[in-house]
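A.B. asks: Single-letter residue listing:
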Amino acid sequence: MSTDRAYLDHAATTSVLPDAADVWRDVSLTVGNPSSVHASGRAARRVVEEARESLADDLGVRPSEVIFTSGGTEADNLAVKGLAWAAPSRRRRILCSTIEHHAVLDPVLWLGSHGYDIDWLPVDDVGRVDPHDVRSRLGDDVALCTVMWANNEVGTVQPLARIAEACAEAKVPFHSDAVQAIGRLAVDAGLPGLTSLAMSGHKLGAPVGTGALVLRRDADVVPLMHGGGQEREVRSGTLDAAGAASLAVAVRQSVADQEVHAARMNELSERLIEGIRGVAPDAVINGDPEHRLPGTVHVSFPGSDGDTLLMLFDAAGVECSTGSACTAGVPEPSHVLEAMGIDAGIARGSLRFSFGRSSRSGDVDLVIEVMPGALDRAFRAATPRLRPVR
Amino acid sequence: MRVIAALSGGVDSAVAAARAVDAGHDVVGIHLALARAPSVGGRSKGCCSAADAHDARRVADVLGIPFYVWDLSEEFTEQVIEDFVEQYRAGRTPNPCLRCNEAIKFSAVLDRAQALGFDAVCTGHYARIVHGPRGAELHRAVDEAKDQSYVLSVLTLAQIESTLLPLGDSVKSQVRADAAARGLRVADKPDSHDICFIPDGDTAGWLHDKLGESPGDVMDQASGAVLGQHRGTHTFTVGQRRGLALSSPAPDGARRYVVDVDPAAGRVWVGAEDLLSVTRIEASQPRWCAAPPVSGDRVEIQIRAHGEHHPAVIEVTGGGVIAELDIAVRSVAPGQAMAMYDGTRVIGSATIERSRR
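These protein sequence lines are chains L and U, in that order.
The numbering of the first sequence is my numbering, which starts it at 1 and goes up by one.
The numbering of the second sequence is my numbering, which starts it at 1 and goes up by one.
Think of the hints as simulated: they come from the structure by calculation, not from any bench.
Keep in mind that a hint or two might mislead.
Anything over 10 Å on all C-beta distances counts as not near chain L; from chain U, calculated [claimed, not checked]:
| # | residue |
| --- | --- |
| 1 | Arg92 |
| 2 | Lys172 |
| 3 | Ala177 |
| 4 | Ser223 |
| 5 | Thr235 |
| 6 | Arg241 |
| 7 | Pro263 |
Pulled a few chain L residues facing chain U out of the computed Cβ check, cut under 10 Å [unchecked claim]:
| # | residue |
| --- | --- |
| 8 | Asp305 |
| 9 | Thr308 |
| 10 | Asp314 |
| 11 | Ala315 |
| 12 | Ala378 |
| 13 | Ala381 |
In this text, a Cβ means the ideal position worked out from N, Cα and C, and glycines have one as well.
Take the sequences, apply the hints, and build the full model.
C.D. replies: Structure follows, in structure tokens:
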């Protein structure tokens with residue numbers, strides 16, 4: 001039995017967990033700036049510090065290593081630019097994987113246009129960085145290395161421990177964007193060699209506008225924003241007690257449920273992949289079949305346009321994504337698929353289905369039910385160059 | 001009907017879509033991403049105007065219709081921008097809006113819409129489609145000042161039959177008032193005039209970037225003498241007076257105009273204003289959206305958007321049409337489209353190849 005509409009875009013955002021919403025409401029109705037000295041301020045500060053401790057426990061780090069931010073983008077910018085700016089002047093090379101999210105990619109490109117050299121880390125055809133390759137490129141001229149924990153488009157999980165280990169040996173700061181990973185994978189932010197880790201609240205059931213950078217205590221970072229210096233003199237801005245409390249609740253639930261949740265997500269993914277193979281035998285499932293983010297299925301339908309497919313699925317009640325960044329509603333050609341060496345014509349007909357807590361097997365049934373009709377129309381509407389030769 | 005409404009982000013297409021909804025059609029809004037800025041850091045940075053896409057999205061929200069962006073930038077680059085450059089390289093004067101209607105809006109978009117199960121495309125062009133005993137007919141708009149039938153004169157009958165033009169019976173002020181009454185914030189947005197892929201309006205500078213400099217001589221049509229130098233024939237159009245930078249005035253002190261552009265020889269020919277006047281226009285590749293005329297038929301022709309109407313007698317030849325005009329017209333450039341009308345009704349159009357006095 002299929003449902004009316006299937007929201008299969010949880011990697012874009014997911015709904016706030018009821019407990020996280022409740023705590024946000026309770027705290028936000030209580031007056032107090034956590035930096036104020038009086039009783040109300042102290043009460044608000046207590047909320048923030050308890051949230052920080054809770055988050056630290058769940059991520060395997062010390063409380064002082066948790067810096068609250070406005071989300072994943074700010075956390076990534078603070079780490080990438082902050083670490084690069086703080087590096088000694090002889091360290092001007094940045095190692096960056098070719099499949100990073102724009103929140104990392106664009107700060108790195110910006111640094112590249114401001115005196116830093118970018119050394120791109122290639123990936124194989126399933127989107128994995130080779131730790132040996134990273135090791136061979138490390139040196140005392142490297143300011144920082146950045147490789148995401150798990151890719152947001154194709155879901156490939158990186159060999160983080162081995163990359164971190166190589167960076168530690170070379171004494172090079174290592175940053176990882178773990179926005180997609182927390183709650184789906186067992187993430188140890190205290191991994192030896194990991195200098196910083198970015199996370200976002202709204203991907204795991206906290207409100208948009210919450211997030212954190214886990215930053216090793218001995219890491220030297222130049223702030224992006226100057227002001228009151230509320231967070232270790234590294235991040236300024238009035239502390240968001242309600243957001244911090246809500247984020248802590250969502251992370252606590254996500255981490256506690258991670259194994260069960262991941263198993264459910266994997267089961268739904270497998271069912272969807274099986275269904276797609278039945279309907280579209282020439283569809284290509286992208287990413288690493290072995291090291292894959294639970295709940296993310298990225299598939300290319302050769303001979304179609306992703307934006308046409310999106311529209312057809314939307315009209316049929318299935319909400320998904322092309323997975324790549326969008327400007328003014330136009331999916332950009334995916335730099336991730338390009339880095340994986342996937343033919344541009346095939347890459348163009350790609351969709352990402354991502355499951356979350358509200359996902360049910362009925363959602364998969366609906367996708368498979370409407371897919372033949374959507375594909376048929378999409379193939380007919382494809383630009384002539386994409387039409388399969390028969 | 002199931003209708004695709006092309007929403008540019010401007011007031012006209014917004015009201016057109018709104019009227020299609022009012023008429024009871026099942027409408028889906030789309031914004032066309034056509035021109036893409038040069039890639040930055042190895043990736044392309046969106047379409048020409050993210051602000052227009054944003055406005056288009058708001059219009060769809062207000063109308064309560066679904067909204068998508070269709071990326072036709074590759075098709076637009078190949079069929080409109082590259083054609084535009086090649087035409088100028090060949091010394092001709094293209095109309096990119098007409099080309100876009102022919103190749104993109106009522107071709108690529110309509111094809112895709114029909115493949116997706118839609119019946120028609122709705123736009124905010126000022127022209128009328130009349131369904132009479134002879135089938136669908138394309139007519140001039142009621143608002144003569146805004147009439148855009150010229151840039152639609154390349155459409156085929158089949159394309160016209162699958163098109164909705166809800167603004168043809170309105171004047172612009174009514175359309176703006178309608179937009180305001182519907183709470184559409186684009187009601188007072190200024191009209192766009194420039195070529196959309198040359199947002200700063202500097203066509204000559206843009207062509208220089210694309211075609212580079214190819215200096216040559218500016219020649220006097222009357223004497224055959226070299227009068228000066230130019231940076232490239234592609235920045236000149238028949239009838240043009242500015243940008244010639246001639247050091248010596250004409251013997252009679254009269255202004256000189258471009259009368260011919262010869263890219264093969266790298267020459268721009270100039271002469272007196274009366275050399276621009278022509279009474280015979282030869283055009284190729286006729287496209288008819290109504291019963292084709294026969295030699296001797298009297299028509300009205302129009303040779304530029306928002307241009308005047310000129311009475312003429314048509315001669316139909318093997319590969320084209322010749323218009324013999326009652327009264328001379330000036331500044332007719334090869335590459336321009338010649339639209340032909342029977343009263344307000346569009347018969348078709350053809351591409352101007354040459355003209356004579």
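A.B. asks: Please go over all the hints and tell whether each is borne out by the structure.
C.D. replies: Each hint tested on the structure:
Every C-beta of chain L lies more than 10 Å from that of U/Arg92, the closest at about 27 Å, which supports listing it as non-interface. Every beta carbon of chain L lies more than 10 Å from that of U/Lys172, the smallest distance being close to 27 Å; the non-interface claim holds. Residue-level check passed: U/Ala177 sits 29 Å from the nearest beta carbon of chain L, beyond 10 Å. Every C-beta of chain L lies more than 10 Å from that of U/Ser223, the closest at about 52 Å, which supports listing it as non-interface.
Every beta carbon of chain L lies more than 10 Å from that of U/Thr235, the smallest distance being close to 32 Å; the non-interface claim holds. Every CB of chain L is more than 10 Å from the CB of U/Arg241 (nearest about 40 Å), matching its label as outside the interface. Distance check for U/Pro263 against chain L: the nearest CB is about 31 Å away, which clears 10 Å, and the non-interface claim stands. Hint status for L/Asp305 relative to chain U: holds, with the closest Cβ pair at about 8 Å, below 10 Å.
Taken as an interface hint, L/Thr308 checks out: its beta carbon lies about 7 Å from the nearest beta carbon of chain U, inside 10 Å. Look at L/Asp314: its Cβ gets to within about 7 Å of chain U, closer than 10 Å, so that hint holds up. At a threshold of 10 Å, the smallest CB-CB gap from L/Ala315 to chain U is about 7 Å, leaving the interface hint in force. Here the hint on L/Ala378 is kept, as its CB sits about 8 Å from the closest CB of chain U, short of 10 Å.
Taken as an interface hint, L/Ala381 checks out: its beta carbon lies about 4 Å from the nearest beta carbon of chain U, inside 10 Å.
Hint violations for this structure: none, all hints satisfied.
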